[in-house]
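**Student:** Here's the letter readout for the chains.
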Amino acid sequence: MTADMTSIKVPKALRDELNELADQGGRGTTLADVLTQLLEEHKTTRLRQRLAFEELLARAKADPDAVAKAERIAQGAIEHLRRPQAS
Amino acid sequence: MSAGYVLDDVTISELGRDDLVVANLIAALDEHAVRMSVPALALAAAQHTLSEVQTEAVHGMIHRLGHVRLEPVASTEDVLRLSAVSVYLTEQQDMAAAHTVAVARYLGFPVLAADLKRWEPVRTHLPWPLDVYEISDSG
Chain W
34 MTADMTSIKV PKALRDELNE LADQGGRGTT LADVLTQLLE EHKTTRLRQR LAFEELLARA
94 KADPDAVAKA ERIAQGAIEH LRRPQAS
Chain H
2 MSAGYVLDDV TISELGRDDL VVANLIAALD EHAVRMSVPA LALAAAQHTL SEVQTEAVHG
62 MIHRLGHVRL EPVASTEDVL RLSAVSVYLT EQQDMAAAHT VAVARYLGFP VLAADLKRWE
122 PVRTHLPWPL DVYEISDSG
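Chain order of the listed sequences is W and H.
Residue 34 is where the first sequence starts when you use the numbering used here, and the numbers rise one by one after that.
Residue 2 is where the second sequence starts when you use the numbering used here, and the numbers rise one by one after that.
So that you can see chain H by itself, here it is in the shape it has in the complex:
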């Protein structure tokens, strides 16, 4: 399977905080060859909520799992894609969300979110639909 998900900052944060369901989920998706992209700005935002040791576990996940990839803001194209989204989120000043949406749009992946509420205010400001899959056992 070549498709995948973009992990949002809350999901990354939950992994670092020892959420065992999220840890097993990421491992299971990796075993099923589902690609998971980690936007650098979402990772940075998640790290604000984590201790050094928790952050190390998240970085370990990025280096250890073969289908997890860090998405940097490294090229002028990356900046253009980020800017094309962040212009709609200037009120929120939510660059983590902007980068997550930019990566999701570029790759054509849904966002994997631990909490749908995190995306409600973002969605209302975007001119495009945003596919968000919530980590929930309720089906």
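Bound-form chain W, shown alone:
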């Protein structure tokens, strides 16, 4: 069974670039294959970014001095927002 197909409007220059990638993919590579691959690469990039931040946050939370200091600063920052002059 084939998936429902549809068409999307894109600028010709973008279509040509996608076609170029399809050509590089070898015989039988469709534009749908190219878009799928680009989406996978995008998801991988996002995952790598999130993991990089998660690792940094884990190191930060494992440092009790840094946690305590940050919490004091956060309370001060929140208080600052409540003051009338903060705008």
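In case anyone wonders, no lab produced these hints; they're calculated from the structure.
Even for Gly, the Cβ is constructed at its ideal location relative to N, Cα and C.
Don't take every hint at face value.
To be verified - Partial list, computed: chain W residues near chain H (C-beta under 10 Å):
(1) ALA55
(2) GLY59
(3) ALA85
(4) PHE86
(5) GLU87
(6) GLU88
(7) ARG92
(8) LYS94
(9) ALA95
(10) ASP96
(11) LYS102
(12) ILE106
(13) ALA110
(14) HIS113
Unchecked claim - Label-pair restraints from in silico Cβ distances:
(15) H:ALA41 x W:ALA65: 28 to 38 Å
(16) W:GLY59 x H:HIS49: 37 to 47 Å
(17) H:LEU127 x W:ALA46: 34 to 44 Å
(18) W:ALA46 x H:THR77: 19 to 29 Å
(19) H:VAL88 x W:ARG60: 53 to 63 Å
(20) H:HIS64 x W:MET38: 43 to 53 Å
(21) H:LEU81 x W:ALA46: 23 to 33 Å
(22) H:THR50 x W:GLU88: 45 to 55 Å
(23) W:VAL43 x H:ALA75: 16 to 26 Å
(24) H:LEU131 x W:ALA46: 36 to 46 Å
Claimed, not checked - Covered, in the sense of this in silico footprint (three residues per stretch, anywhere, with C-beta under 8 Å from a C-beta of chain W), are these stretches of chain H:
(25) 92–104
(26) 133–139
Take the given structure of chain W and dock chain H to it, following the hints.
**Tutor:** Relative to chain W, chain H alone:
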């Protein structure tokens, strides 16, 4: 809490450089539902000081934390707001500061700064007061 802060380029840079206090602070503010805006031009300036891996961690923060939002220069209104500030900072050619101030003025948020000195020369050229909260444990 609906109010928030605008992160400046030095704060973003410090996060990328593994400043554990800044990382915990941003996480704590996010947990307290304090919105944090990241001006695109401040992010671009910060990235000049960071490696690819450090930049990935900063981008991860933007995507991971629910109260952090990237502020683009996407509309003509954004450009007008940026231009209204950058006209005062032409000598410095400091577009990162101009975008940070423009976002702060538009949202009515103070700037969250790792170093107050970064804002001294900017403040002297602006015709309006600029509310800057320094990340400091000295109270």
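**Student:** The structure should be examined with respect to each hint, and the outcome stated for every one.
**Tutor:** Cross-check of the supplied hints:
The restraint placing ALA55 of chain W at the interface with chain H is violated, with a minimum CB-CB distance near 28 Å, outside the 10 Å limit. The closest approach between the C-beta of GLY59 of chain W and any C-beta of chain H is roughly 30 Å, which is over the 10 Å cut-off, so the hint fails. At a threshold of 10 Å, the smallest CB-CB gap from ALA85 of chain W to chain H is about 4 Å, leaving the interface hint in force. The criterion of a C-beta within 10 Å of any C-beta in chain H is met by PHE86 of chain W, whose closest approach is roughly 3 Å, and the hint holds.
Here the hint on GLU87 of chain W is kept, as its CB sits about 7 Å from the closest CB of chain H, short of 10 Å. At a threshold of 10 Å, the smallest CB-CB gap from GLU88 of chain W to chain H is about 8 Å, leaving the interface hint in force. With its C-beta approaching chain H no nearer than about 6 Å, ARG92 of chain W sits inside the 10 Å limit, and its interface hint holds. Taking 10 Å as the C-beta cut-off, the interface hint given for LYS94 of chain W holds, the closest approach to chain H being about 7 Å.
At its closest, the beta carbon of ALA95 of chain W sits 9 Å from a beta carbon of chain H; the interface hint therefore holds under the 10 Å criterion. Because the beta carbon of ASP96 of chain W sits about 5 Å from the nearest beta carbon in chain H, less than 10 Å, this interface hint is met. Restraint check, LYS102 of chain W versus chain H: the minimum CB separation of about 5 Å is within 10 Å; hint holds. Satisfaction of the interface hint for ILE106 of chain W is found here, the shortest Cβ-Cβ separation to chain H being roughly 5 Å, below the 10 Å cut-off.
Of the supplied interface hints, the one on ALA110 of chain W holds, with its beta-carbon coming within about 6 Å of a beta-carbon of chain H, less than 10 Å. Hint status for HIS113 of chain W relative to chain H: holds, with the closest Cβ pair at about 5 Å, below 10 Å. Between ALA41 of chain H and ALA65 of chain W the beta carbon distance is about 32 Å. The supplied range of 28 to 38 Å therefore holds. Taking 37 to 47 Å as the suggested C-beta distance range, the pair GLY59 of chain W and HIS49 of chain H conforms, at roughly 39 Å.
About 41 Å separates the C-beta atoms of LEU127 of chain H and ALA46 of chain W, a value consistent with the hinted range of 34 to 44 Å. Range check, ALA46 of chain W to THR77 of chain H: about 24 Å between beta-carbon atoms, so the 19 to 29 Å window is met. The beta-carbon spacing between VAL88 of chain H and ARG60 of chain W, approximately 57 Å, falls within the hinted interval of 53 to 63 Å. HIS64 of chain H and MET38 of chain W have their C-beta atoms about 31 Å apart, which leaves the hinted 43 to 53 Å range violated.
Distance hint check: the CB atoms of LEU81 of chain H and ALA46 of chain W are about 29 Å apart, consistent with the given range 23 to 33 Å. THR50 of chain H and GLU88 of chain W have their C-beta atoms about 20 Å apart, which leaves the hinted 45 to 55 Å range violated. Between VAL43 of chain W and ALA75 of chain H, the C-beta spacing of about 20 Å keeps the proposed range 16 to 26 Å intact. In this structure the hint that LEU131 of chain H and ALA46 of chain W lie 36 to 46 Å apart at CB holds, the actual value being about 42 Å.
Beta-carbon proximity to chain W at under 8 Å applies to 0 residues in the stretch 92–104 of chain H; the threshold of 3 is not reached and the given coverage is violated. Three residues within the 8 Å Cβ limit are the bar, and the stretch 133–139 of chain H against chain W gives 4, so the coverage statement holds.
Hint compliance for this structure: hints 1, 2, 20, 22, 25 are broken, all remaining hints hold.
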